[in-house]
Amino acid sequence: ETGVTQTPRHLVMGMTNKKSLKCEQHLGHNAMYWYKQSAKKPLELMFVYNFKEQTENNSVPSRFSPECPNSSHLFLHLHTLQPEDSALYLCASSTRDGYNEQFFGPGTRLTVL
Amino acid sequence: TQLLEQSPQFLSIQEGENLTVYCNSSSVFSSLQWYRQEPGEGPVLLVTVVTGGEVKKLKRLTFQFGDARKDSSLHITAAQPGDTGLYLCAGEGNYGGSQGNLIFGKGTKLSVKP
Numbered sequence: 029e030t031g032v033t034q035t036p037r038h039l040v041m042g043m044t045n046k047k048s049l050k051c052e053q054h055l056g057h058n059a060m061y062w063y064k065q066s067a068k069k070p071l072e073l074m075f076v077y078n079f080k081e082q083t084e085n086n087s088v089p090s091r092f093s094p095e096c097p098n099s100s101h102l103f104l105h106l107h108t109l110q111p112e113d114s115a116l117y118l119c120a121s122s123t124r125d126g127y128n129e130q131f132f133g134p135g136t137r138l139t140v141l
Numbered sequence: 004t005q006l007l008e009q010s011p012q013f014l015s016i017q018e019g020e021n022l023t024v025y026c027n028s029s030s031v032f033s034s035l036q037w038y039r040q041e042p043g044e045g046p047v048l049l050v051t052v053v054t055g056g057e058v059k060k061l062k063r064l065t066f067q068f069g070d071a072r073k074d075s076s077l078h079i080t081a082a083q084p085g086d087t088g089l090y091l092c093a094g095e096g097n098y099g100g101s102q103g104n105l106i107f108g109k110g111t112k113l114s115v116k117p
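Residue numbers (our numbering), protein chains in the order written: chain U, 29 to 141; chain X, 4 to 117.
For reference, chain X alone in the conformation it holds in the complex (with noise of 0.2 Å):
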């Protein structure tokens, strides 16, 4: 079975503070994606990685894939409130009842205070 461990599970910063959670798998995924989940709403996508090394930037926020493709980090700079939210990464199964379906992690939720 492929598992994705998100960590940390709760951070509370406070806003202008850096950051950084963490997706680890002992499975390597040709691609992980990361969600952000809303209270009251359903996950929405941020970024998608595919390539071993991948460094991609969305605003304030840095999105890396392992050289081995088997963990991805999200840094995000100067958090604001309007971060906060559960951040989910899914990563594609590669075999078994898993295959071509996306395997979720639990999730870090984050909460940024003014």
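Isolated chain U, as found in the complex (with noise of 0.2 Å):
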């Protein structure tokens, strides 16, 4: 595999379920992000992982639950979640020295019934 991976790329829950979406990166980056992409929105800075320490939390309510046990994976654990929180999770890894420029994953698509 090269690149970044999501799993899984199609996800359907009820607002009962517990969930978790993976993430893995294979370009030897030390930073990991999820976000969140909505029609009509720009996309939104959830989490930030710095060498495994998150270091931004974007006021996400706490139903989202990051994971990050090493430099190269990261989850995002899903509970009780609301039909809004339907959208795209999309994973992104990198160097964040230089002009950080990212590394996307091909996004999970989540639906919440």
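Just so you know, these hints were derived from the structure itself, not from any lab. Please note: incorrect hints may appear among the correct ones.
[Said to hold, decoys possible] Only pairs whose alpha carbons sit at most 25 Å apart, straight line, appear in this in silico DSS-like list of lysine-lysine:
1) U:K69 - X:K73
2) U:K68 - X:K109
3) X:K116 - X:K73
4) X:K112 - X:K62
5) X:K109 - U:K69
6) X:K112 - U:K68
[Unchecked claim] Derived CB-CB ranges, DEER-like:
7) X:S30 - U:S87: 19 to 27 Å
8) U:E112 - X:E8: 20 to 28 Å
9) U:T44 - X:L61: 44 to 52 Å
10) U:G42 - X:K62: 40 to 48 Å
11) U:H105 - X:K60: 27 to 35 Å
12) X:Y25 - U:P97: 36 to 44 Å
Small disclaimer: the values here were computed from a predicted structure and weren't measured. Backbone N, C-alpha and C fix where the C-beta goes; we use that ideal spot for every residue, glycine too.
Using the hints, put the two chains back together into the complex; each one sits in its own frame.
Pasting the structure below:
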């Protein structure tokens, strides 16, 4: 595998379910990110991890819980979501130096019923 | 809060036409990036511009950074159906909660018809 991979690509869940999104980067980067992409809105930065330490939590509701066990893996644990949380969730990685150019995964299309 | 405004929001053109999309802000950015996102995929970096007035070319795509580093444009010559996608500009935040993180515009959705 090369680049940034995300699983699953599609997820449908009820409001009472618990699920997790997984991201893996094979680029040797030290920073990883979760973004939310909704229609008619700019990409919203949710969480930033730099060398496995969370450096940013952009006022994200606690029903979203990130986990970064090492510099290559990033998870987003989901529980008791709302229908308005339906969106494309994108993972990205970068070296966090230079111009912070980011490499994105293909995203997980999440639908909350 | 630093914001990036992109225009137009939607653009539908015929193959062979030229087009320009814009990315504007009231804030100064140290650099701006352009990404293209195709349906069902994540954004892919096209270019980074860092110097005021800088022009970069990528085949039929020409990117320009404004002299004051508050705006940027993307010009496509002789558009092809393969250029279809969502074009996003992004700048690195300079202060507050955005410092060091990318701020994205809403994007321009381009459709090129054969």
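Status of each hint after checking the structure:
A threshold of 25 Å between alpha carbons decides the hint, and for U:K69 with X:K73 the separation of about 21 Å falls inside it, so the pair holds. Taken as a hint, the U:K68 and X:K109 pair is honoured in the structure, with Cα atoms around 7 Å apart against an allowance of 25 Å. The hinted pair formed by X:K116 and X:K73 fails the criterion: a straight-line CA distance of about 32 Å is larger than 25 Å. Among the hinted pairs, X:K112 with X:K62 is consistent with the structure: their alpha-carbon atoms are about 20 Å apart, no more than 25 Å.
Between X:K109 and U:K69, the direct Cα distance comes to roughly 6 Å. Compliance with the 25 Å bound is thereby established for this hinted pair. Straight-line distance between C-alpha atoms of X:K112 and U:K68 comes to about 11 Å, which keeps the hinted pair within the 25 Å bound. With their beta carbons about 21 Å apart, X:S30 and U:S87 fall inside the hinted range of 19 to 27 Å. U:E112 and X:E8 have their C-beta atoms about 24 Å apart, which keeps the hinted 20 to 28 Å range intact.
Checked against the hint of 44 to 52 Å, the C-beta distance between U:T44 and X:L61 comes to roughly 48 Å, which is consistent with it. Roughly 46 Å separates the CB atoms of U:G42 and X:K62, a value that falls within the hinted 40 to 48 Å. Evaluation of the 27 to 35 Å hint for U:H105 and X:K60 yields a failure: the beta carbon distance comes to about 44 Å. Checked against the given bound of 36 to 44 Å, the beta carbons of X:Y25 and U:P97, roughly 42 Å apart, stay inside it.
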